[in-house]
Each structure stands twice: as structure tokens, then as C-alpha cells.
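*Asks:* In order, the protein sequences belong to chains B and L. Read in order, the letters of the first sequence are residues 1 to 108 in the working numbering. Read in order, the letters of the second sequence are residues 1001 to 1113 in the working numbering.
Calculated from the structure, these hints are not laboratory results. Just so you know, not all the hints are guaranteed correct.
[What the hints assert, rightly or not] Pairwise CB distance ranges, derived in the manner of DEER restraints:
no. : chain 1 : residue 1 : chain 2 : residue 2 : range
1   : L       : Gln1050   : B       : Arg68     : 18 to 28 Å
2   : B       : Gln55     : L       : Gly1003   : 32 to 42 Å
3   : L       : Leu1039   : B       : Thr105    : 12 to 22 Å
4   : L       : Thr1030   : B       : Asn45     : 28 to 38 Å
5   : L       : Glu1100   : B       : Gln3      : 16 to 26 Å
6   : L       : Pro1097   : B       : Lys54     : 18 to 28 Å
7   : B       : Gln55     : L       : Glu1100   : 19 to 29 Å
8   : B       : Lys54     : L       : Asp1018   : 37 to 47 Å
9   : B       : Thr53     : L       : Arg1098   : 14 to 24 Å
10  : B       : Gly16     : L       : Asp1056   : 19 to 29 Å
11  : B       : Ser92     : L       : Gln1084   : 48 to 58 Å
12  : B       : Thr105    : L       : Lys1017   : 17 to 27 Å
13  : L       : Thr1070   : B       : Asn30     : 37 to 47 Å
14  : L       : Ser1058   : B       : Thr79     : 34 to 44 Å
[Claimed, not checked] Derived coverage of chain L by chain B (criterion: at least 3 residues anywhere in the stretch with Cβ under 8 Å from a Cβ of chain B; other residues may be distant):
no. : stretch
15  : 1038 to 1045
16  : 1094 to 1101
All C-beta atoms, glycine included, are put in the ideal place defined by N, C-alpha and C.
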Amino acid sequence: GIQVEQSPPDLILQEGANSTLRCNFSDSVNNLQWFHQNPWGQLINLFYIPSGTKQNGRLSATTVATERYSLLYISSSQTTDSGVYFCAASGSARQLTFGSGTQLTVLP
Amino acid sequence: GAGVSQSPSNKVTEKGKDVELRCDPISGHTALYWYRQSLGQGLEFLIYFQGNSAPDKSGLPSDRFSAERTGGSVSTLTIQRTQQEDSAVYLCASSQPRPETQYFGPGTRLLVL
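Bound conformation, chain B alone (with noise of 0.2 Å):
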């Protein structure tokens, strides 16, 4: 199946910088998606994003299918940015398989 591999693990900013995490999947993807586990556990939805640019505030997602990456971009960072960024892609099968993770923490 999919492999997916995010970078980096750990990521600490201090309020107000602005960061990149990264996402690279091992075959064409169908769903790509990138998620915030906020510190109560829950999956938010942040992009659905199997090719293109999307934006929603101070966040963005470049996702380059042929090239097998995907960047999700959080400008102005603020402390309840803190928390596991998961990316999260679907080939020919339906169900997501995630990476392991970014965990990011801001600092005020």
C-alpha cells in the first residue's frame, strides 16, 4: 500500500513565525488530506488536498502530484497552532494511511 512519511517530527516556534511541514507518499494518491489533532485527541479537517493550492486563513496547502509531495504552510504561528499536524493519503484503496506526525508546539 501507500507509504506516507512527514517531516519534520518536532517543530517549536515562537509566536508570530511561520513554518512548513512536509508530506511525501510513495504512489498517486486519489485523497490527500491534512489534519490538527487539538490536545483533546480530535481530527480537525484543515485541507482536502490531492493536487493544487488551497488557502484558509493563515494556512495553505501546495500538494504536487507528480512530484509526490505535498506542503502545508502556517504563517503568523500562534499558540493554539500548537498540537500533531497528520497528513494523510488514499491511492486506489478508500481508507487513509496517515503519517506519523508532526508534533508542533508555539511558544508566546
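Following the hints, position chain L against chain B.
*Replies:* Frame of chain B, contents of chain L only:
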């Protein structure tokens, strides 16, 4: 609108007991998925339903795990003869056919003593 709901939120059980976990998907979503998240294994797929049928059960870790979906809506995941390694957060997600965005519920935290 209402999101995916799961019950119970938390479940503590003794080794060897059976447990049932429930998932109510978003209304109108035809696909339903079960995943689990544990410290050692990360987030892993268990089973997928399209309508009431389960075309992919490949993620179920053993024959102690089973799931059903009725009326194209509610799903129940049953774990028989629970073991300590079953302790995890069990997550349910649902999606429409297009786009296939999966929306997750809050999870059921299972602790097997």
C-alpha cells in the same frame, strides 16, 4: 450541521470482556471508516463500509474484532475477549463519494485492565 458522533467517550473494561463501540456518521455519508490510534502504532485503518457492506476488512487485527453497519448509517465495532493491547483510541470517520473528504468523530478511549 452535526458531525460524526461516537459513544461511549471512554470505556474501561477488564481483560477478557467484550466491548461495543458505536459510531453515528454524518447524515447522507455513504462511506464509514474505523481507525485506531495507539502509542506504539500511530493511526491505523481497521475497516471500511460502503453502505452496509464492508469491501475492505484488511485492517482488523484479529478475529476478535468485528463490525457491522445497519441502514447505511450507524456502525458498531465489537471487540471480543479484550486484551491489554487493545487499549487505544478508536476513531470513526465518514465521507461522501465526492469529494472523499473524511470527517472524524471524537473517538472512544478504550482502556483494558
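*Asks:* Of the numbered hints stated previously, which ones are contradicted by the structure, given in increasing order?
*Replies:* 2, 4, 10, 11, 12 and 13
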